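Position chain B relative to chain A; hints supplied.
If you're matching them up, the sequences are chains A and B in order. Start counting the first sequence at 1; every next residue gets the next number (our numbering). Start counting the second sequence at 1; every next residue gets the next number (our numbering).
Treat the hints as calculated values from the structure; they're not laboratory data. Values in this document were obtained by computation on a predicted structure and should not be read as measured data. Among these hints, one or two may not hold up.
As the list claims (entries may be wrong) - Label-pair ranges, simulated between beta-carbon atoms:
| id | chain 1 | residue 1 | chain 2 | residue 2 | range |
| --- | --- | --- | --- | --- | --- |
| 1 | A | Asp-27 | B | Tyr-10 | 34 to 40 Å |
| 2 | A | Glu-15 | B | Glu-69 | 47 to 53 Å |
| 3 | A | Ile-44 | B | Phe-20 | 37 to 43 Å |
We put the beta carbon where it would ideally sit given N, CA and C, even for glycine.
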Amino acid sequence: GIQVEQSPPDLILQEGANSTLRCNFSDSVNNLQWFHQNPWGQLINLFYIPSGTKQNGRLSATTVATERYSLLYISSSQTTDSGVYFCAVTRRSGANSKLTFGKGITLSVRP
Amino acid sequence: DVKVTQSSRYLVKRTGEKVFLECVQDMDHENMFWYRQDPGLGLRLIYFSYDVKMKEKGDIPEGYSVSREKKERFSLILESASTNQTSMYLCASSLLGAEAFFGQGTRLTVV
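Here chain A stands alone, though its shape is the one from the complex (with noise of 0.2 Å):
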């Protein structure tokens, strides 16, 4: 099945420093997602993002399908930015559209 893998797998970052998430997939997808998972376990949307570059805020996403990488950014980070964040891909064929999710990156914003 197709590989996904996120990096960096930890990062620790001061209150108001950028980042950039990296997800990196092993095939051609129809579907990529961002999510942030909250402390309360729920993961809540970010992006839907198979191609191209969006923003939200202080968040932002490009996804380059034909390199088989996305990225997610975040700026001016904040401590609420903690949780962990996931990237799920959706292969290029079939019907049934099952995602495949990385193992995601836990952010840690220090105040």
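Using the frame of chain A, we list chain B on its own:
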């Protein structure tokens, strides 16, 4: 807004019990999924369904079954709960090939 609701946030069950985890979505999505999340292992797909009464095994179906009698409801069944099924269970739904949305998660402890 899409809403995916899991029946319980926290659940404690005894070894050998039959356990039902329920998930309901309100957006007429074809796809529904059950994942479990464990430290160091990320999110792993247990089962998914792409239509009523249709189901497919994911990566770790052993010890689980599912039921989808109505489009909006997808149930995960632990036939005989064991301690190694203690985990966080996450339900999701999506249209075919489109953005997936998750419920709040169920933390199941089997004692």
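Hint check results:
1. A:Asp-27 with B:Tyr-10: 34 to 40 Å: holds (37 Å)
2. A:Glu-15 with B:Glu-69: 47 to 53 Å: holds (49 Å)
3. A:Ile-44 with B:Phe-20: 37 to 43 Å: Since the Cβ atoms of A:Ile-44 and B:Phe-20 sit about 26 Å apart, the hinted range of 37 to 43 Å is violated.
Comparing the model with each numbered hint stated earlier shows that hint 3 is the single one that does not hold.
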